[in-house]
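Protein chains in written order, with my numbering: chain A, 15 to 271; chain B, 168 to 684.
In case anyone wonders, no lab produced these hints; they're calculated from the structure. A quick note: this is a predicted structure, and the numbers were derived from the prediction, not measured. All C-beta atoms, glycine included, are put in the ideal place defined by N, C-alpha and C. Keep in mind that a hint or two might mislead.
Stretch-level coverage of chain A by chain B, calculated; a stretch enters the list once three of its residues show a Cβ under 8 Å from a Cβ in chain B [stated by the list, open to error]:
id, segment
1, 57-64
2, 68-78
3, 91-101
4, 122-129
Pulled from the structure, derived: some chain B residues nowhere near chain A, Cβ distances all over 10 Å [to be verified]:
id, residue
5, Gly449
6, Thr458
7, Trp519
8, Leu520
9, Thr521
10, Ala679
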Amino acid sequence: MTTNDDQPAALRLAGLTKSFGDTVAVDHVDLTVPAGSFFGLVGPNGAGKTTSLAMAVGLLRPDAGRAEIFGVDVWRDPVEAKRQVGVLPDGLAFPERLTGRELLGYLGRLRGMPADLLADRVDELLRVLDLERADRTLVLGYSAGMRKKIGLAAALLHAPRLLVLDEPFEAVDPVSAATIRAILRRFVAAGGSVILSSHVMTLVEQVCDHVGVLHRGRVAAVGPLDTVRGTRSLEDTFVELVGAPGPSGTELSWLAS
Amino acid sequence: MVGVLIGLRGTLLRRSFSGTQGFALGFGALCGLTGAAGMFWHAVRYDVAHSGDLLALALAGTLVGWLVGPVVGGGDPGIRGEHLALLPVRRGRLVLGLLGAALVGVGPLTTLVGLAALVAYGARLGPAAALVGVPGAILLTVLLVVLARVVVTALGVVLGGRIRAVLAALPWAVLTAAMAQCWVVFLALGGGTNPLGAGVPASVARVLRILPSGWPLVAVEAAGRGAGLPAVGALAGLAGLIVVAVLGWAGLLDRPATAPVTHLRRRLPLSRPARTGGSAFGAVVRKELRTWWRDLVRIHYLGFALTYGLVFVSMPLLVGLSDLLPLAGLVAATMLVSCSAHLYSSDGTGLWLTLMVPGAERADVRGRQVAWLLHAAPVAVLFTLAGLVGAVHWWTLPWVTALLPVVLGGGAGLIVLVSVLVPVRMADPHRRGGNPGSDGGPIGGLIWLTLGLLAVVSAPTTALLWYGVRAGSPTLLWSATPVGVASGVLLAWGLGRLAHRRLARRGPELLARLGQA
């Protein structure tokens with residue numbers, strides 16, 4: 015998979031490998047997210063999506079392999095690589111005892127953003143993501159969906175060129191999900207690149223133009239959405255790739271009997 | 168139900184014998200067994216009456232340990248009542264199950280081993296006394312475990328705001344400081360300062376036997392005298408106390424733990440990012456200051472350290488000694504250092520945000536240091552000045568002016584370095600309540616480690632002061648002050664530098680270890 019112009023890929027993973035004890039979580043993953051693409055990473059639970067994304071952005075050191083963001087090696091030149099990427103990890107803590115506004119303000123200043131620009135962006139992000147009403151609530155008291163939204167705001171704040179989002183739509187209400195989809199589409203249309211992980215196939219089909227399927231730590235399929243799914247739905251392709259047995263109808267017969 | 172929970176606790180315990188947690192457990196077991204060996208030694212070393220008094224003192228110490236231990240962390244029973252809230256079982260069985268599970272562990276086991284000293288002591292009084300020592304040791308162990316659970320649960324109910332977080336720290340601070348200064352009590356009551364050599368004053372010995380921790384001893388001694396009724400009475404009293412404590416615990420379990428502070432009462436003027444700019448370092452300082460004032464566990468430790476300092480220096484007033492008063496700031500600062508060496512652990516996986524900002528590690532470490540100093544230094548200086556004014560003891564002045572800068576500066580360095588190097592297992596902040604008893608993590612070991620390191624880094628200054636006093640040389644004595652100031656500055660800078668370089672180099676590894684909690 016190569017990009018069709020001279021620009022380096024937004025994200026390139028080569029031979030990325032990680033083991034935890036005897037378990038190989040990610041096994042020689044090669045993946046390229048072309049610049050300007052909207053890439054969906056799908057796979058069953060425990061396929062290695064979160065581990066791969068954490069290694070791709072510099073949060074988890076791989077045992078082997080490389081990760082590059084716009085041609086910059088994440089592990090050799092982390093400072094330069096991290097300038098270009100915005101990350102939303104799944105389930106990690108924030109500085110919990112700040113309000114959402116304080117959190118974004120803190121993050122912006124930590125990144126050295128000019129004060130005026132920062133204040134305007136924080137206002138706008140909170141308004142667009144419907145977090146303004148929670149002005150006096152500490153992040154600690156946020157619901158799961160609000161945590162996703164403030165995480166997304168934190169990832170967008172410094173206007174990165176690449177967004178790496180781990181399960182961005184999980185626990186988010188339908189209205190907010192539509193808002194987030196619109197924001198991400200606009201971001202890609204303006205030249206940005208997105209890779210998100212999800213196990214909701216319909217969502218990936220709706221928003222992504224490229225897709226990669228991870229299964230047991232390996233890449234089972236990768237490429238433009240239409241190439242990977244062919245004439246079928248992504249869900250059918252996915253089930254065939256990961257080889258899940260369909261329900262036979264006889265399981266759990268004791269339930270509600 | 169009871170068997171299932173005990174089995175579950177056993178499984179959890181087996182899984183925890185690895186990594187940092189295994190190390191902490193092993194260290195705890197070693198400390199516990201050392202204490203147990205000491206208890207045996209005292210039970211058989213001296214003449215019978217003296218040994219009995221010392222045993223009573225050790226038993227009281229064990230009681231205090233079990234009451235205070237969970238408050239400074241490490242009291243996580245592994246299984247919590249709220250995990251089982253949806254199970255359709257009666258409260259009584261649930262409590263018995265949780266009690267059974269709480270009895271499985273390194274703490275109860277080493278305590279039981281130590282309390283077996285009652286049997287050894289009883290053997291010196293006769294076979295009947297030795298025999299009574301067995302149920303005595305077992306009953307007291309059970310009582311201690313239940314009391315610790317009551318403390319943890321009560322704390323969860325009580326900690327519902329800043330004031331209450333401070334208030335909840337008071338009893339433990341007073342208790343531990345009084346324990347550390349128990350020589351004052353002995354002296355006040357006409358004994359010597361060293362109970363090992365001079366023996367425990369008779370009145371203290373009596374009080375120690377009136378405390379529930381002394382009841383098994385009373386039973387053993389009664390049996391030794393051939394007085395069956397008092398022996399049985401004391402044991403029955405212990406059993407009765409256990410029942411009362413279990414009932415109290417069951418009552419507390421019904422009350423929901425208060426939620427941590429998640430809302431601000433009013434909108435703070437600083438809520439909006441200031442348009443006047445600000446550096447990365449300033450951003451971290453502000454974030455840390457806010458966290459210090461909003462995290463009930465941090466406030467709790469702050470209250471603990473300050474109260475400890477006050478009680479520690481005020482206790483000798485009981486015997487007319489006011490010499491320690493000017494050291495209030497020094498003692499409080501020392502305790503504050505020891506209670507703050509888990510900054511990164513208590514923030515948990517929130518570290519990812521720092522790691523994702525290019526080159527933010529240095530600002531993060533320096534900001535945390537300064538925010539800590541902004542709390543610790545004014546309070547320490549204020550305490551010191553108040554102490555000096557309250558009791559004009561000029562001999563303390565060179566000690567304070569030399570040691571306070573080392574403790575504050577060295578402490579500011581140590582808390583970040585230890586936090587980066589020795590992560591402890593704590594639940595992520597958004598996955599825990601506001602209860603240091605069940606969420607505080609096993610920071611007991613960290614407290615001792617940090618105190619030890621603080622002693623090491625302040626050793627040159629202390630040595631100068633020591634030699635100054637011995638040689639009777641004011642020049643030498645006062646030369647410790649510039650040395651103290653210089654080493655304080657150097658330590659804050661140098662240890663902080665080690666910390667942020669380590670964080671920049673091994674940040675992902677630290678994050679991985681924090682994420683395993």
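Original post:
Which earlier hints turn out false for this structure, listed by number in ascending order?
Top reply: Result: hints 1, 5, 6, 7, 8, 9, 10 break, sorted rising.
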